[in-house]
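Novice: Single-letter residue listing:
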Amino acid sequence: MAAPETSTAAVPTLYTNNTLRNAFGGVLSFFILLLIGVMAFSIRLFSVIKYESVIHEFDPYFNYRVTQFLAKNGIYEFWNWFDDRTWYPLGRVIGGTVYPGLTLTAGTIWWLLNSLNIPLSVETVCVFTAPIFSAFASWATYLLTKEVKGTGAGLTAAALLAMVPSYISRSVAGSYDNEAVAIFALIFTFYLYIKTLNTGSLFYATLNSIAYFYMVCSWGGYTFIINLIPMHVLLCIVTGRFSSRLYIAYAPLVVLGTLLAALVPVVGFNAVMTSEHFASFLVFIIIHVVAFVYYIKGILSPKMFKVAVTLVVSVGLAVCCAVIAVLIALVASSPTKGWSGRSLSLLDPTYASKYIPIIASVSEHQPPTWPSYFMDINVLAFLVPAGIIACFLPLSDASSFVVLYIATSVYFSGVMVRLMLVLAPAACITSGIALSQAFDVFTGSIKFQLTGASSNTEVDAAETSSSTAESQTDAVKTEKPEETAKNRPSRKSKKKKREHGEKPSTKAKAEKKRLLALPLESSVISLLLLVLLGAFYVVHCVWAAAEAYSAPSIVLTSRSHDGLHVFDDFREAYAWLRHNTDVDDKVASWWDYGYQTTAMANRTVIVDNNTWNNTHIATVGTAMSSPERAAWEIFHSLDVKYVLVVFGGLVGYPSDDINKFLWMVRIGGGVFPHIKEPDYLRDGQYRIDSQATPTMLNCLMYKLSYYRFVETDGKGFDRVRQTEIGKKYFKLTHFEEAFTTHHWMVRIYKLKPPKNRIRGKTKKSKSKTSSTTSSPKRSGTKKKNPWQ
Amino acid sequence: MEAPIRAREALGFILFSLLFSICRSSSLNHLLISNAERRIDLSSHIVKVFLTLKVENAGSTPTSEVLLSFPPTQADHLATVEALVTKGKRKKTTLVRLDVKPTELPDAPNDAKYFTIYLANPLKSGESTTIEVLYLLTHSQEPFPAEIAQSESQLVYYRDSALILSPYHIKQQATFIKTPSTKVESFTRVEPSNRAGTEIKYGPYEDHPPYSFSPILIHFENNSPFAVVEELVREVEISHWGNLQVTEQYTLVHAGARHKGVFSRVDYQSRPTLNGASSLRYLLARLPPRVHSVYYRDEIGNISSSHLRTDSRKSELEIEPRYPLFGGWKATFVIGYGLPLQDFLFETSDDRRYLNFTFGCPLLETVVDKLTVKVVLPEGSKDPSAVVPFPVEQHLETKYSYLDVVGRTVVVMEKKNLVPAHNSHFQVYYTFKPIFMLAEPLMLASAFFLFFVACVAYLHIDLSIRK
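Line by line, the protein sequences are chains A and B. At position 14 of the first sequence (counting the first as 1) the number is 14 in UniProt numbering, and the numbers step up by one without a gap. At position 370 of the second sequence (counting the first as 1) the number is 370 in UniProt numbering, and the numbers step up by one without a gap.
Don't take every hint at face value.
Lysine to aspartate or glutamate pairs mimicking EDC-like chemistry, simulated, CA-CA at most 16 Å apart [claimed, not checked]:
hint, chain 1, residue 1, chain 2, residue 2
1, B, K416, B, E231
2, B, K201, B, E191
3, B, K374, B, E414
4, A, K731, A, E711
5, B, K260, A, E736
6, A, K728, A, D689
7, B, K54, B, E65
8, B, K382, B, E347
9, B, K260, A, E737
10, B, K124, B, E65
11, B, K260, A, D582
12, B, K330, A, D582
Which chain A residues stay away from chain B? Per the calculated CB distances, all over 10 Å, these [to be verified]:
hint, residue
13, L20
14, L104
15, N227
16, L235
17, V272
18, L282
19, G298
20, I359
21, Y373
22, L395
23, F442
24, W543
25, H674
These are calculated hints, taken from the structure and not from any lab test. Each residue gets a CB set at the ideal place from its N, CA and C atoms; glycine is no exception.
Given the sequences, and given the hints that come with them, work out the whole structure.
Specialist: Dropping the structure here:
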């Protein structure tokens, strides 16, 4: 907490006093960090306590399944895993298309525990991986912020990150997704970069490359790192802050990092061939040019240097033009101009919604709304500007990185809700800096005022109580020139050096302190307000963790007057599929449920949440939007045995297939033009009541969702759409109901065998008026149906 | 000299064995059953047969063995056979359980299988005694039609003989068959036979020689769910810190008529009595009292539909599978619970400890095709031995649980074809020194100690090359 203030040589007694204080500070901050870790872990356990220890949502189920495979079959089988239970009949090479960081991490933890004879199941390990790594992430935040603005800011930032709702939303227990470990990897990579930048140590530079490798393993968001760090390097060069430390921080990262990244099968040659990585190579060239220029400048006399500059600039321009031309040619030769769809939508927010409906259809790829900022980072949104200002007083390499980080992540979070997650650590770091600086200023002025009242001239008191963070950054600043000589100090000698470096700045600071001192009352009140703000943040975070982000979304609960009601329909359906269908049966559903079906029901699916083949998804979308007969033919050609639809109309579950249906139409229509969106809309409005279009009322999705729905209440009132359905009595000719869950949320239909179809066809051709049904069993219900 | 002696010996042996076989075969002949009454209860899928035999010794030598015979098809499905004899006079009667053992007879007609009842007191010549026999048959009701739709009720066949299969002469016998409802499609008539309400009566028949057989077939409605646990693994883990952890893994199947065609939820919900009458909606597990931390889940998480009722004598866990089970549908689940150790673990006088626990499946009215009971003894326990009231296959395994070094001894017992009547107690004896309880805490403590020492050492050593 407290850095030593005065030099050791001057006052030896004070020195011992200060080392004691230093030691206490160290122990205190260690325990604070430990508690922060415990808090980060435990605030994420609401989901286990309120619900159960279970994997959440969609993607985590896939990761869980991969981890199970890894735990069962080992690493080599995992790399070669060709999964034939998904994307039927194409299959998917899991080992080569998955970011393996998360699964390898959890698999390693599991293996380690089991080799210690701690028999935890793979599921338990997967459930608790995210909370464990959020504790690590908050520690990494501490390290990063400590490098930027000192221990106080570090602790504050770590505490803020431990409970920032944006991060909680992706890392509650059970949310076993890539982001859970990737955020830790991201922050830790940044920390090591800053550490290298501050020390110029090759050791940290190597660690930095390894941390970057781990990040590449974990998440596609690694491109953020490989673009942000070059941007920062460029910024440093442009602002004249080039140093050998910058070179050591950057050059090994690019070389080693790119080599390591290419080892990850999913990245492979993309690490050198896609545009996302080009910025880093460009800056790599620039930094060498700059380093060369500095070197030449050191050798030559100023006059000769000028001559050399003109020579080099003319030659360099030509070379640059050539290189750029080659680059442009390379980029232009690739079909997507070297950019993947998701990255393109980052640069142009409207790109996805215009061209790729499959990206636009995912809610987490939508731009966020203002309330979601308040929800996800809460009061940090107000503290961030203050933090940015604090970063400029004084601006160091490290703090300029933070400023750049926050600026870019604010932009990216504005593009995609999902990238709010990248903003959260930046917001925590800047807010931590802001809060701790504000505390320093306020407590400093209180102390100054109190001591100032007793003896006016005593400046030293104020001086000794000056801010820790500021002194440290001053120290870092003053350190720089003398550091080049002895670049690799041991821990102890470095501390001493910092104390030395302090000396020249104390006088100037004393002047500044006197100017910065605020009136006593206002600082006390501001302090109280800050505490209040922090309290508000804590309350909000706990609320968000407990209420908003803990639901596993596979089991729903609702509180009514007669107690808690549990809707466990998804697992009911998956368990039914798992136990009562043949092991090789294919299940068609909208891609949202693909991962869950393979993981929970262990059945082959046609499409899943890894939306790699747009045509295949469009085929399913087309089938769902086609009339029964055409849909049957599509499904039959795909060897589908069961069709699964999610229907919320009975209990009012809003994210069901009818509400997602327009996306199926759009995606299907994007590939098969005979599906036209206007056919499903009445005057531009999407409706399923009696005003709906005949195409809508006759499509498969409508029929499968509302089949015999009217018999539940006699009217067919849909609780989600708040309307009576348009077509109430109809029967299915090519599908039969195989299973419907207790609350009707999942309905599974079986395709009738082709024999029936032929018989129905001949009958239909014989007499279309006589309403013959393929199965005589239905005649009972038919009599009742006046519609028929 | 030697040869004739040997010849004489051999002759003697042959004579003796001949005599013995005559005796044995005569033991079959000189007994007769003066009156036999058989009551077959078909109300659930476990067939309960109560047989009352009045056995008379018509021979000259006293005998203590009475044979029961079963046709081979029944013998395969026979879960348990018990025999009781009434003791005392008039009101003060007590029932005494008799030993029953399967027996092989060389000249069994048509592969009939035998069980021998060993009487407590040999039956003297001319005396008679009354034996009550109870045996249970599983998988003996064959659904016909084999596939039914949701709205149909389940009809089954039951095959048996109108006459009791017996190696003895039976003077007088009658059979009463109780069906679950009055709906009986057909039954084989063997005069005199008649049906009244839920009861079909065959007999009385007089004077039938040994091994008389008269096949009958009864086709009737049985809507009770045929809950069959195909495989059950019960793991009982003893912790000397005071807890007994029981984990039971079930593979449940509805073994009745297979479900065919659609499953309509709207029909099932609106007309539950007509639709899916034979479906398995819930199960009741009877657990020991003072049960705690009960869970009910399957491989994809907790199943929320269960209720636990506890009182001082027993605990009842009512569980619903995730979905109602129709014929042929399967479900798997796990039930786990903890129990206070002092209720089940005792010490013998010779310093051995023994676990006293129930063997069978706690679910009511279910048949278990294959049961594996694993008793996990604490680490460091020695000389395990199990005492089970009926024959089981046994072997030992080793299991590694939390921080084990040498592993825990597991006594594994396997048995096929179980009914709730098998829920009797078994004992596992072992020796254990309490000092082993401290092994793991000490190990953890020393590991942490070493860790802190390493930390302190690291902090006090400056490893940098340059100062």
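Novice: Now tell me if each hint is right for this structure.
Specialist: How the hints compare with the structure:
| no. | hint | verdict |
| --- | --- | --- |
| 1 | B:K416 - B:E231 | holds, 9 Å |
| 2 | B:K201 - B:E191 | holds, 10 Å |
| 3 | B:K374 - B:E414 | holds, 9 Å |
| 4 | A:K731 - A:E711 | holds, 13 Å |
| 5 | B:K260 - A:E736 | holds, 12 Å |
| 6 | A:K728 - A:D689 | holds, 10 Å |
| 7 | B:K54 - B:E65 | holds, 14 Å |
| 8 | B:K382 - B:E347 | holds, 14 Å |
| 9 | B:K260 - A:E737 | holds, 12 Å |
| 10 | B:K124 - B:E65 | holds, 12 Å |
| 11 | B:K260 - A:D582 | holds, 15 Å |
| 12 | B:K330 - A:D582 | holds, 12 Å |
| 13 | L20 | holds, 16 Å |
| 14 | L104 | holds, 23 Å |
| 15 | N227 | holds, 36 Å |
| 16 | L235 | holds, 33 Å |
| 17 | V272 | holds, 37 Å |
| 18 | L282 | holds, 37 Å |
| 19 | G298 | holds, 25 Å |
| 20 | I359 | holds, 30 Å |
| 21 | Y373 | holds, 34 Å |
| 22 | L395 | holds, 31 Å |
| 23 | F442 | holds, 35 Å |
| 24 | W543 | holds, 25 Å |
| 25 | H674 | holds, 31 Å |
Hint compliance for this structure: no hint is broken.
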